Amino acid sequence: MSKRHSIVPPISQAGPKPPVQFSSSITIADSAVLTGSNPIVIHSESVVHPRARLESLGGRITIGRRCVVHERSTVGAVGTEGRVTENGVTLGDYVTVEVAASIEAGDTVIGDGTTVGVGAKVGRGAVVGKHCTLTPHTVVAAGEVIPDFTVIYSNGMRRMDKRGVVELKNKGQARQIEVLRRMIPSNPSKFQ
Amino acid sequence: MAPLTPYTFIQCPCSDPSTLASSRPADASSPTSISGQERDDDDGRTFDPRAPRSNYSLYPLEYLLYCEDCHQIRCPRCVSEEIVTYYCPNCLFEVPSSNLKSEGNRCTRSCFQCPICIGPLGVTSLEKPADANLLAAPDNAASPPSGPYILICSYCNWSSTEIGIQFDKPNSIHAQLAKMRNGGVTRLTAKERKEKRREAAAQSGTGVPPTAAPTTTGGDGQDLDVEAQFANLKHFYQGQLADANAAGASSLSSLGDLGFASPNSLSRIMSIYTGGSLHDKKAKTRVGTMREALDSDEGFKLADLDESGAIEKLHEEGYDGTVSSEQLSNQPPNVGEVQLHGRSRFASELRPIPYLLRTKRSKRCPICRHIISKPEAKVQTTRFRIRLVAGSYIPSIAIRPLPGGGPPPDTLQPLRPAQFLLTFKNPIFETVKVTLASPATTPGRFASKVTVLCPQFEIDANTDVWDEALNKDGDKERRRRKGEDSGSGPAGGGQAEAGKIWERGRNWVSIVVEVVPASLRPPTISFGKKEDTGPLREDEDVLEIPMFVRVEWEVDAGGDEVGSVPSKDKDKEAKEKRELAYWCVLGLGRVSQG
Amino acid sequence: MSRRPPRGEYIETDTGNKVARKATLVGTQNIMLGGKTVIQPEVMIRGDLARSVPSSSSTASSSGAAGGAPPNNTAVAIGRYCFLSRGCCLRPPGRLYKGAFTYMPLRMGDHVYIGPGTVVQAASIGSHVHIGQRVVVGEFAIIKDYVRILDETVVPPNMVIPSFSIVAGQPARVVGEVPEGGHEAFELRELYKTVGNNPQPAPS
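Residue numbers (my numbering), protein chains in the order written: chain A, 1 to 192; chain B, 193 to 786; chain C, 787 to 990.
Careful, some of the hints might be misleading.
What the hints assert, rightly or not - Taking lysine-lysine pairs in the DSSO-like style, the calculated list, with each CA pair at most 27 Å apart, reads:
#1 B/Lys-625 <-> B/Lys-769
#2 C/Lys-808 <-> A/Lys-190
#3 C/Lys-884 <-> B/Lys-361
#4 B/Lys-617 <-> C/Lys-979
#5 C/Lys-884 <-> A/Lys-162
#6 A/Lys-169 <-> B/Lys-361
#7 C/Lys-808 <-> C/Lys-979
#8 A/Lys-171 <-> B/Lys-361
#9 C/Lys-808 <-> A/Lys-17
#10 A/Lys-162 <-> B/Lys-361
#11 A/Lys-169 <-> C/Lys-884
#12 B/Lys-371 <-> A/Lys-162
#13 B/Lys-505 <-> A/Lys-162
#14 C/Lys-884 <-> A/Lys-171
To be verified - Beta-carbon label-pair distances, calculated as ranges:
#15 C/Pro-985 <-> A/His-5: 23 to 31 Å
#16 B/Pro-340 <-> C/Pro-985: 57 to 65 Å
#17 A/His-5 <-> C/Asn-984: 27 to 35 Å
Everything labelled a hint here was simulated from the structure, so no lab data went into it. Just so we're clear, the structure is a prediction, and the values are computed from it rather than from any experiment. We put the CB at the ideal spot given by N, CA and C, even for glycine.
Here chain A stands alone, though its shape is the one from the complex (with noise of 0.2 Å):
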């Protein structure tokens, strides 16, 4: 055990093999999780973590730039409906997909900055804003329009960021990408 730097035990990996489309910069890890037969598509310098799940069953996945897609957390997830759209998720960039989190696909946006906290929920077609902040546990509903800015929190409570500090976040993103770089391995080649 202590030779072994890891214990990852394998994934069956069901379904076909999505066609991708990767930035040279993005770091993906050798354990994050590709499938469906649309498209995927990660731009520069983005960062998918181990046992991270990109979906496309239900659409076209487009992920930003400089956008970290943490552990465990599935983007694409075909809900009950199983319906499929040309867009299945796009998320904008600098966005954050937390631990555990899952968005449905089917049209669903993710604006530039927001973060989608650990175990939150964004349901198909939801139309998530710029800049928003979904706490963890939140669950936003399918179909959901939320204007820029807003933090929901407290089961559904929302309030506006009034902070003003978009500029310093994306700084702080860029830092972590770059500590991230170093950390995971990355291996884009074994999903082309």
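Keeping the supplied structure of chain A fixed, place chains B and C upon it in accordance with the hints.
This is chains B and C only, laid out in the frame that chain A set:
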């Protein structure tokens, strides 16, 4: 509905009126006689777990303490508490009790809760860190972040800039905040206010505050906050009283001395609110009336009845700008806002909430005043000097459905017998004799039948674990023997038999209780007396069995037990009988309503 | 039931740790287990997110060598008799520190129970702590000894939970106090015996 996990609640004797009545006249130092008496009183009376009073007397075993001198169970409601340490739950610093009187019961360092979501607030620098070259430069070259600083909530992203507050220093935020109103306007502290007034008084040349020509500082009274207004009023009336006392040599009639403006009622009111020694008993002076405050320096403030500003603000900010009643109730009192005597209606008027202090408390027996629980005074230690918990004196009772009867159903079927296994675990180092008694049917509207198959048994002492390990073979043998005793079938599928123990171990015994749950249909026909035919009430479908437990054991009659009465047969042997009796409630599960 | 699988479900180490083969441990060289700790299947521990900025005491080290690892870069330290339930996730907290982003170690004491589906990003967890299921412990939270966190709680980042607190809600607040007689309930020795390749039945 979530399936109910079986529970055991124990009744503290403090709530039993018969105990209270019997223990008052009796000497507290004769515990055995009390419990004996109590038992006699209890005969023929069944404890009803559904009685409204029972809500307040039933506790899980973990919540109960035990007084070694009274030999009785004590509950959180009957013990008397003494505060050992005050500390802030956020910074974990101890607050000396002397500070409490002057500073109040909140943390005066930099610990605040978010006024929006009550999450913790952190101090961060507003200024953007000089970045680009920072990353390349080594750490020590990084300049320490400089002000201004703000409080920020990392959960809901509230920041103190929303109420217009920034700080110069990252530490002692509480002191800085005390000098600031929302919007960054400076606010006088009590000390400064006093000094200012003294200066004003010195300027006017007399010791008494000026009455005719007010030295107005602000002009209008709008900048008076609650604290300043109170201080000014207090000062003004003190001056008035002094005047009245000086001038009141000629005693007038006491008639008409009851109005608000009379010195007597004033001094009475002031002694109520300030707690000071303003009330001078000797001064029986009677001055007809005194004048009232006239300007803001004297604490006068026109009621602001014009709410158009608030309405306009409401139009502008909408619902999002208002506060909820919960947020309002979390606000510290007298935060010094102008509006409505410190009550805020808009989110922009909220103040960061300094953390309420928490305490470590020791507990005393209410009867003999002995300490039965005492934590170490230091905040960071979790040790106790004294911790007499009931769990180390009385047997614990665990409940589970009897295996072998198919998969345990989530609900109990009415009119179908169900068996439960009660496991009694003995915590003490003596063998105890347990006697159980329960009514044949449960009290309440729906009487379920209850049969305790083995109401009397002994549990072996809680010997050392190593003893068990050494005597493992013997123990096993005994268990097997018991198994042969109790049933002929194989282990686990055995038949429960009346008068027999189900299973026994080192310091535990399992017995079987059989219940026949009642049907939950309210009676439709009433026989003679008036019966309650209402619909099912909350939790009325939970099958609860009241059970009287009596535990008897023998102890070495130590010399230290001076007050204890020797056993009833008066033999002064080395052994002494002890007994403890109490009611408990076994919650078995919900009865199906099908 | 009928036949034992040829390979046990758990890897049992010399120090008594029981690590499920189906657990995901990333960066095991940075994960310290104190012994007698149970890691159930589908648990994930991010040991790879180790401290990237050397601690302030060793700033002068000036390790010019690329990737010169500091002597101690433990990312997750776990004490004895901890129980990590199925599907929980432990990851070190990260923040900007002096303008640079770094992860800080996550330290846990003894007898810490972490419920299924819970995500922990605390800075430190004391001993005798019970965390329920589907709880989120935010970054840099500090949980002291003898704390019970009820199911579905969201502990906000940087929160300090003092000893003997019962905590619930979103965001978490102290809703009660652990009674004096409830200390023993935090012991996990018995629970430890009930899992592994040769589990013993729970005592009644």
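Structure-based check of all given hints:
Between the alpha carbons of B/Lys-625 and B/Lys-769 the distance comes to roughly 11 Å, so the proposed pair stays at or under 27 Å and holds. A C-alpha spacing of about 22 Å is found between C/Lys-808 and A/Lys-190, which places the hinted pair at or below 27 Å, so the restraint holds. Among the hinted pairs, C/Lys-884 with B/Lys-361 is consistent with the structure: their alpha-carbon atoms are about 18 Å apart, no more than 27 Å. For the proposed pair B/Lys-617 and C/Lys-979, the alpha carbon gap of about 20 Å is at most 27 Å, so the pair holds.
Straight-line distance between C-alpha atoms of C/Lys-884 and A/Lys-162 comes to about 24 Å, which keeps the hinted pair within the 27 Å bound. Taken as a hint, the A/Lys-169 and B/Lys-361 pair is honoured in the structure, with Cα atoms around 23 Å apart against an allowance of 27 Å. Distance check on the hinted pair: C/Lys-808 and C/Lys-979 sit about 19 Å apart at the alpha-carbon level, within 27 Å; holds. Among the hinted pairs, A/Lys-171 with B/Lys-361 is consistent with the structure: their alpha-carbon atoms are about 25 Å apart, no more than 27 Å.
For a cut-off of 27 Å, the pair hint linking C/Lys-808 to A/Lys-17 stands: about 24 Å separates their Cα positions. Taken as a hint, the A/Lys-162 and B/Lys-361 pair is honoured in the structure, with Cα atoms around 22 Å apart against an allowance of 27 Å. For the given pair, A/Lys-169 sits about 15 Å from C/Lys-884 by alpha-carbon distance, which is consistent with the 27 Å threshold. A threshold of 27 Å between alpha carbons decides the hint, and for B/Lys-371 with A/Lys-162 the separation of about 24 Å falls inside it, so the pair holds.
Our distance criterion of 27 Å between C-alpha atoms is met by B/Lys-505 and A/Lys-162, whose separation comes to about 17 Å. Of the supplied pair hints, the one linking C/Lys-884 and A/Lys-171 holds, its CA atoms being roughly 13 Å apart against a limit of 27 Å. For C/Pro-985 and A/His-5, the Cβ-Cβ distance of about 29 Å falls inside the hinted range of 23 to 31 Å, so the restraint holds. In this structure, B/Pro-340 and C/Pro-985 meet the distance hint of 57 to 65 Å, their C-beta atoms being roughly 59 Å apart.
In this structure, A/His-5 and C/Asn-984 meet the distance hint of 27 to 35 Å, their C-beta atoms being roughly 29 Å apart.
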